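With our numbering applied, the sequence shown has no gaps in its numbers, which climb one by one up to 284 at the end.
One or more hints might be untrue.
Unchecked claim - Label-pair ranges, simulated between beta-carbon atoms:
no., residue 1, residue 2, range
1, Ile-69, Val-192, 24 to 32 angstroms
2, His-114, Ile-181, 47 to 55 angstroms
3, Thr-221, Gly-177, 48 to 56 angstroms
In case anyone wonders, no lab produced these hints; they're calculated from the structure. This structure is a prediction, so every number in the text was calculated from the model and none was measured. Think of the CB as a built atom: it goes at the ideal place given N, C-alpha and C, for glycine as much as any other residue.
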Amino acid sequence: MSEEKDEIPVVKRAYPEDLGEVEREHTPETESPAIRTVEPDHLGTWLGKGWRDLWKTPVALIHGLVIAIVGLVLLGMSWNQPWMAFSFLAGFLFLGPVLAVGVNYLAMEREQGHSTGAGLGWLTHLGGSVWVFALLLALIFVIWASFVWMWIAVLNIGELGVTGQLHHLVGTMLTTGSGIISLIGVIVAAVVFGLIVFVLSLVTLPAMIDHRAREEAPQTTLIDAIGMSLKAFSHNRGTLILWGLIITALFAISVATALLALIVIFPWLGFAMWHGYRDLVETA
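With the hints as extra help, turn the sequences into a complete structure.
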């Protein structure tokens, strides 16, 4: 009787023999442009280049003038509703990145050697993406304003019957227990909401403007651009937190001058924002 040999099943290889067979995982980290590491001294370069661009493109001052006028009107309307005035003041920082899109567009035109117009080309250049981003920032602003109303007008100072003008509220916040609690709460919330906006918008609009201006470059969606901002921040936390503090300090100067300094500071930061994008993001 002959012995039958057992057939040995062929097992298909489930693992690669060399690393060349391994496909690279596609993630936002690998698909988006490379991010450079920047040192704090680069921030002065951004501001310096932005300052020079501002005075070579004086039409940008119109953008600053419009923002300052709108700000004064809103403050005038809300002067007797202090919580609303606080909300509007912080709202400039929360909505600033999308409000500066016109100046970013002027920076792109100037860099490419085009004749600069009024900075309104972004209306057709970016399409609906900019409005979606504006809606996102507006939603964050609404959440912030709701918190300020609840925290100041209802939970703390509102209990004292302080519903007068803005300068009365500031005095109360600095001299009473409830006022100090309110002030701390407002500062903490402003830092949290401000950091969220800052991280989401760091290079978002400049990246979209730049990629859509270069026909050979792959088109960047809003999600892609936000991903670049997140990646840039994760690679340069310390330097970019300092950049956020500089922006906040310059805005505080604007508030101290009844928003008049905003006429210059707003477009200046818009140009500096463009140079920050150029320094942070490697483009082909």
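Results for each hint:
{"no.": "1", "hint": "Ile-69 / Val-192: 24 to 32 angstroms", "in the structure": "holds, 30 angstroms"}
{"no.": "2", "hint": "His-114 / Ile-181: 47 to 55 angstroms", "in the structure": "holds, 53 angstroms"}
{"no.": "3", "hint": "Thr-221 / Gly-177: 48 to 56 angstroms", "in the structure": "holds, 49 angstroms"}
Comparing the model with each earlier hint shows no violations; every hint is respected.
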